[in-house]
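Student: As you go down the protein sequences, you meet chains X and W in turn.
Each residue of the first sequence is one higher than the one before, starting from 0 at the first, in numbering that gives the first Met the number 0.
Each residue of the second sequence is one higher than the one before, starting from 0 at the first, in numbering that gives the first Met the number 0.
The set of hints was computed from the structure by calculation and includes no laboratory data.
Check the hints yourself; a few may be wrong.
What the hints assert, rightly or not - Among chain W residues calculated to face chain X with C-beta under 10 Å, some are: (1) Thr106; (2) Ala110; (3) Ile126; (4) Gly129; (5) Leu138; (6) Lys243; (7) Thr285.
Note that the structure is a prediction, hence the values are computed from the model and not measured.
Even for Gly, the Cβ is constructed at its ideal location relative to N, Cα and C.
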Amino acid sequence: MSAPLLSLHAVSKNFGGLAVITDVSFEVPQGSRTALIGPNGAGKTTVFNLISGVFAPSEGEIRLEGQSIDALPSRSRIGLGVARSFQNIRLMPHLSVVENVMLGQQARAGNLAGMLTPISLFGRSKWRREAEDLLDRMGLSTYPGEVVATLPYGIRKKIEVVRALVAKPKILLLDEPAAGLNNTETANLRDFLMTISQSGVTLLVVEHDMSLVRSLCDHAVVLNFGRKIYDGSTRTVQDDPAVLEAYLGTRQAEKARTHAEADHVA
Amino acid sequence: MSGYWAGILSILAINVIFAYGIFLPVATGQLNLGGAGFQALGAYTAAYLSAMFGLPVPVTVGVGMVVAGVVGFLIAFPILRTRGVYLVLATFAFAEVVAGTILNSETLGGAMGMSVPAFIDWEIPVIVAGFVTLFVFYLMSTRFGLTMRATHDDEVVTDLMGVNIRMVQVCAFAIGGALAGLAGGLYAHSFSFVEIQSFNALVSIYVLLYVLLGGTQTAWGPLAGAAFFTLLPELLRTVLPQVKSFLAALVGIEEPVGPPDDSWRFVILGALTIAMMVLRPEGLITRTMIERLRFRRSSSAREQVA
Ligand SMILES: Nc1ncnc2c1ncn2[C@@H]1O[C@H](COP(=O)(O)OP(=O)(O)O)[C@@H](O)[C@H]1O
Ligand SMILES: [Mg+2]
């Protein structure tokens with residue numbers, strides 16, 4: 000297996016006295032499609048916040064390509080190749096769709112000359128064209144000039160992915176990208192994420208839709224109450240007793256297991 | 000042109016520049032209620048250089064602008080650490096410190112004020128206001144402008160996108176301070192006299208109102224706000240007496256009535272302000288409105304081609 004692109008080493012995070020993440024270690028291999036799953040409140044979004052630098056870990060270390068990134072300010076991380084989307088859509092409501100996407104280019108265009116060159120005054124700048132092309136490829140070409148606040152949920156969810164992608168990241172952290180999408184939209188999203196993955200971008204995806212997880216991801220890490228309870232293939236994740244218990248509770252898990260065994264016997 | 004109209008044009012131009020000075024920090028989400036302080040810095044710098052050294056107007060006004068900009072840059076670091084209502088109070092306190100300092104300075108004339116020898120006619124403020132307007136439109140069309148607006152909407156995400164939001168806020172605040180100082184310098188030379196009473200808290204409040212009511216999402220907003228609120232009182236000045244005599248005639252008063260009390264203008268202004276806040280909380284000019292106008296124009300152009 001290739002070297003990990005991203006790795007967490009015994010990471011813990013407390014808010015006041017509340018332990019939200021406890022001693023979590025895992026690796027995201029270069030080029031993989033890794034799922035980060037777990038029941039609500041397990042700490043998945045918090046892990047994303049730690050990786051992107053919204054919060055600093057209370058203990059432990061996060062490494063990108065073997066280098067610790069804990070000392071890096073949050074705004075420098077996207078430039079190193081870590082881009083993310085947000086569970087509760089965090090687009091800028093007063094910016095148009097294309098402007099939101101152009102904001103994602105900041106890490107590549109934010110030098111002094113880049114900051115002072117008009118991007119929307121005289122026709123279409125190269126940055127604007129790039130953003131529009133990417134929106135086009137995502138099937139969002141009908142919206143570029145519209146202000147984001149008024150658009151439907153599913154569309155905004157996709158725009159967030161495009162905004163993260165336009166940063167040309169090495170690793171894309173997606174927090175429940177399919178939440179609120181219907182079956183067709185989810186299938187489209189899956190194909191789109193596959194294309195992104197094939198272009199060499201590593202994916203770390205938080206997702207509740209297990210069929211999407213199984214068809215997209217090869218590797219899964221499962222959290223429960225801030226601890227890692229599973230780290231392995233997505234094929235066997237649903238047979239794992241600890242995972243079943245986390246999702247279904249002890250008694251239900253017992254039942255599910257006896258059912259499965261009965262099926263095997265039959 | 001009559002002196003009356005020349006005076007109105009000068010004050011309109013100065014208010015537009017001043018409003019842009021407050022607009023820049025507000026567009027990044029920083030309410031600046033210290034406008035009069037920056038304006039006073041520019042005005043007194045220009046007045047002093049003109050009175051003491053007889054320097055030419057471009058120099059006095061230019062230096063006044065730089066002084067206000069540098070002060071804005073320096074105080075931005077501590078001041079922008081505060082948020083919300085504390086930031087508003089901090090900027091307000093800054094203006095009070097400036098006013099207090101000038102009031103107690105004999106060199107600057109204290110409570111007596113200072114006369115400014117070099118006079119400029121209305122054309123100069125109007126031309127400068129034109130350039131400032133173009134400059135702000137340019138600034139808002141750059142990536143810097145984009146990051147300003149993004150910072151206004153969501154600081155956490157803007158930071159994660161790789162934007163140095165502190166740098167953006169400090170720059171917007173300092174450039175805004177410089178523009179307010181520029182407005183002050185032009186004021187000093189247009190009215191040939193500066194006294195600290197004309198840079199009071201009400202001035203800071205009014206200019207912030209121009210900006211908020213005009214709309215903070217595009218560079219059109221401050222232009223509309225400053226124009227509307229500068230011209231409306233003048234309009235009311237002529238319209239109100241007519242309304243009063245009309246009303247008097249309606250209820251059957253035959254003898255000529257005196258002009259209405261001046262304070263009615265402010266009552267109407269206040270009522271309009273509240274109405275605007277209720278009806279258009281995002282300001283008179285919004286982005287959606289501009290987009291719609293632009294869309295209509297481009298689609299009608301397309302129809303003509305077809
Ligand atoms: N900033 C915060 N302060 C205090 N508690 C927090 C904070 N962020 C998250 N938590 C808590 O951490 C736990 C995990 O939350 P989260 O990471 O959002 O879970 P998930 O994304 O897996 O549903 C929750 O109990 C939540 O209340
Ligand atoms: Mg979550």
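Student: Hint by hint, say whether it matches the structure.
Tutor: Verification of the supplied hints:
1. Thr106: violated (39 Å)
2. Ala110: With a minimum Cβ separation of about 44 Å from chain X (threshold 10 Å), the hint on Ala110 of chain W is violated.
3. Ile126: Since the shortest Cβ distance to chain X is 22 Å, the answer is violated.
4. Gly129: violated (17 Å)
5. Leu138: Hint on Leu138 of chain W: holds, closest Cβ of chain X at ~9 Å, below 10 Å.
6. Lys243: violated (43 Å)
7. Thr285: For Thr285 of chain W, the interface hint holds, since the closest Cβ of chain X sits about 9 Å away, which is under 10 Å.
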